[in-house]
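Take the given structure of chain A and dock chain B to it, following the hints.
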Amino acid sequence: MEGMAGKRSSLSWAVNIAAFLLVLLWTIPTLGLFVSSFRDRDQIASSGWWQSFSASEQTGFVRTGTDDDARQEGGLYVIEGSVLEGDQQLVAWGTGARRPAEFQPGETARINDGWDLTVNADGSYRLTSAAPFEMRRGERIFTTTEVPPTITTANYQRVLTAEGLGRAFMNTMTVTIPATVIPILIAAFAAYALAWMQFPGRALLTAAVVGLLVVPLQVSLIPLLRLHNDLGIGKGYLGIWLAHTGFGLPLAVYLLRNYMVGLPREVIESARVDGATEFQIFRRIILPLSFPALASFAIFQFLWVWNDLLVATVFLGNTREQLVMTGVLRELMGSKGGEWEILATSAFISIAVPLIVFFAMQKYLVRGLLAGSVKGG
Amino acid sequence: MELFWLAAGTIVIGVFGCVAWFWGSNWVLDAIYPPRGQNAGDNIRRANQIRPWLFLGPAILFLGMYLVYPVIDSLWRSLHSSDGSRFVGVSNYTWAAGDEKFRESMLNNMLWLLVVPALSTFFGLIAAQLTDRIKWGNIGKSLIFMPMAISFVGAGVIWKFIYEYRGPDETQIGLLNWLVTRLGGDPQIWLTLIPWNNFFLMIVLVWIQTGFAMVILSAALRGIPEETIEAAILDGASPMQVFMKIKVPQIMGTIAVVWTTITIVVLKVFDIVFVMTNGQWGTQVLANLMYDWMFRGSPDYGRGSAIAMVLMLLVTPIMVWNIINARKELR
Numbered sequence: 001m002e003g004m005a006g007k008r009s010s011l012s013w014a015v016n017i018a019a020f021l022l023v024l025l026w027t028i029p030t031l032g033l034f035v036s037s038f039r040d041r042d043q044i045a046s047s048g049w050w051q052s053f054s055a056s057e058q059t060g061f062v063r064t065g066t067d068d069d070a071r072q073e074g075g076l077y078v079i080e081g082s083v084l085e086g087d088q089q090l091v092a093w094g095t096g097a098r099r100p101a102e103f104q105p106g107e108t109a110r111i112n113d114g115w116d117l118t119v120n121a122d123g124s125y126r127l128t129s130a131a132p133f134e135m136r137r138g139e140r141i142f143t144t145t146e147v148p149p150t151i152t153t154a155n156y157q158r159v160l161t162a163e164g165l166g167r168a169f170m171n172t173m174t175v176t177i178p179a180t181v182i183p184i185l186i187a188a189f190a191a192y193a194l195a196w197m198q199f200p201g202r203a204l205l206t207a208a209v210v211g212l213l214v215v216p217l218q219v220s221l222i223p224l225l226r227l228h229n230d231l232g233i234g235k236g237y238l239g240i241w242l243a244h245t246g247f248g249l250p251l252a253v254y255l256l257r258n259y260m261v262g263l264p265r266e267v268i269e270s271a272r273v274d275g276a277t278e279f280q281i282f283r284r285i286i287l288p289l290s291f292p293a294l295a296s297f298a299i300f301q302f303l304w305v306w307n308d309l310l311v312a313t314v315f316l317g318n319t320r321e322q323l324v325m326t327g328v329l330r331e332l333m334g335s336k337g338g339e340w341e342i343l344a345t346s347a348f349i350s351i352a353v354p355l356i357v358f359f360a361m362q363k364y365l366v367r368g369l370l371a372g373s374v375k376g377g
Numbered sequence: 001m002e003l004f005w006l007a008a009g010t011i012v013i014g015v016f017g018c019v020a021w022f023w024g025s026n027w028v029l030d031a032i033y034p035p036r037g038q039n040a041g042d043n044i045r046r047a048n049q050i051r052p053w054l055f056l057g058p059a060i061l062f063l064g065m066y067l068v069y070p071v072i073d074s075l076w077r078s079l080h081s082s083d084g085s086r087f088v089g090v091s092n093y094t095w096a097a098g099d100e101k102f103r104e105s106m107l108n109n110m111l112w113l114l115v116v117p118a119l120s121t122f123f124g125l126i127a128a129q130l131t132d133r134i135k136w137g138n139i140g141k142s143l144i145f146m147p148m149a150i151s152f153v154g155a156g157v158i159w160k161f162i163y164e165y166r167g168p169d170e171t172q173i174g175l176l177n178w179l180v181t182r183l184g185g186d187p188q189i190w191l192t193l194i195p196w197n198n199f200f201l202m203i204v205l206v207w208i209q210t211g212f213a214m215v216i217l218s219a220a221l222r223g224i225p226e227e228t229i230e231a232a233i234l235d236g237a238s239p240m241q242v243f244m245k246i247k248v249p250q251i252m253g254t255i256a257v258v259w260t261t262i263t264i265v266v267l268k269v270f271d272i273v274f275v276m277t278n279g280q281w282g283t284q285v286l287a288n289l290m291y292d293w294m295f296r297g298s299p300d301y302g303r304g305s306a307i308a309m310v311l312m313l314l315v316t317p318i319m320v321w322n323i324i325n326a327r328k329e330l331r
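First to last, the protein sequences are chains A and B. Numbering-wise, the first sequence is residues 1 to 377 according to this note's numbering. Numbering-wise, the second sequence is residues 1 to 331 according to this note's numbering.
Simulated from the structure, these hints should not be mistaken for lab results. Note that the coordinates shown come from a computational prediction; the quantities given were computed from them, not determined experimentally. Check the hints yourself; a few may be wrong.
Covered stretches of chain B, going by a simulated chain A footprint (3 or more residues, C-beta under 8 Å) [stated by the list, open to error]:
(1) 14 to 20
(2) 64 to 75
(3) 119 to 131
(4) 189 to 198
(5) 208 to 216
(6) 241 to 252
(7) 299 to 310
Each residue gets a CB set at the ideal place from its N, CA and C atoms; glycine is no exception.
Pulled out of the complex, with its shape left as it was, chain A reads as follows (with noise of 0.2 Å):
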């Protein structure tokens, strides 16, 4: 027995490392977005954002002053300043694009005939000469610097004041919100005809929402605008809302049937005995107990609005006014592929909303899912 137990224990260790890889695996990648998030724009391009933590080194140069600084010290002439900014810390400086970390700082290189250039740790340099310096250009100093690992919230503030991104969050919610609530109305109706009405073609009804669930939308694009704006709705609001809830109804139809279908057959039997009329039936005890199915569909149904690129791009305009958070982001994947800091915040704050209702309400999530697992994306 005990043989069993040591290998039981060691077989535990090996499942808890297992699925702690997996899980970091999978959690990285968000990960890393979050980090770049509070990086700047140098930091970002400058090393990847697992370093984030420790210290990165940055190459530059800076130009000494010029004849006008100089000033006379004894029969010197001296030229002083500094080539650091902020909290960096000198690391090596040289005075050549080809060997731009020649010296330590305190080092003195000579320079030009005749010309001492002193660099110190703490960034002041020093340039003498015996004879007057003539230059128009200042001297190049090359420099290599350590900055402090930094976290800013300057992203931030940018990206929802000055990048319109702010616009884009009121768009999505306007859109994502009537988009969620309506079917839901629509849906639960219906759904109780299925699951509690007799009346010919019921079950030829179901198999057609069955099989409606796995219809590719991009089927219904053309023709769909075509008919929005035969009918006057051209590209807007209404249109999205009328589009999301079309593309919603089967699965919302499909999980609201088949839980309202479990629901207890002697309440709703009782209640018609007494006189209760459908409606009420409706109103009073099928909506009630209904209400984790409808919390499924809600969380499905907001995610997938929220989520969604395709259908705000064809049944939205495609102005800055108009665009959605997915829209936003994909224009700046396209146009500003070099600001990372602006892509990763922005990013970063359109799946923050679906993250936040994700955790909040996994255990409806996962309950749909169990309930309507046929239903497609």
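For chain B alone, coordinates are given in the frame of chain A:
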């Protein structure tokens, strides 16, 4: 701010309108066929014949207008010229069969169909099995499940930080290239690396879908009767054997459901390709190709619709399978 009022107003009008329809139509029905008086029995019977259609009306209208009609209209358009003015028979389809980009898209879609459902289900099964056996399993599950809540576009940005390329002399800021250079390799421009770039795009979808597979499969694994597992252990089966020979065969039905569900997601994959490569460098897929024909340059609705119908055709077997299964359950 006007936007807020517009949205709030629409919700109120929409919700109120729906309620008004259901309540009002039921009230009218009861007024025409009152469930009392001398004809009460007759009236109730008649009202009960009509009422389901009042409840179903709006849903049928929406389903018909937004899903059924478009399929028929697309079919019609796919048989017509670019602006729908001339009947051209199947020439849009024969064009597609000979078009190089279409063939590339079909091939890539098939590749996606093989790889993504397989890997997602595989990782999902492993994740389910692992997280069910540890104390912090629920937290682990949440974290693996999390990408599900992230948009494809957001995922595209996230993975850009992993695939980013910098010249061999510069510091790599993409995680993958950093690892590769650390191990002594040369940095690669992953997204233009034909044909492997397809796999780098697929990984993004696998990353998103594994959580879904895990959640469903984990529930199925927990539903397996204890006795079968205990019996196998008593017979001396190793944990691996228990998993492969006892557990997996019992959840085959669920695996099939997960597989087909992911298959449908894969068939429609659009956003990931759209934002990461836009179909360049041999990564075109059907949904993106269709978008190109419908909305880029001079739109050709005939060809676009033909591609859409091919997509529709590809999901049809799954649709039929789902309906058959659902009807089995209904009985």
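So which of those numbered hints doesn't the model satisfy? Of the numbered hints given earlier, those the structure breaks are 4 and 6, listed in rising order.
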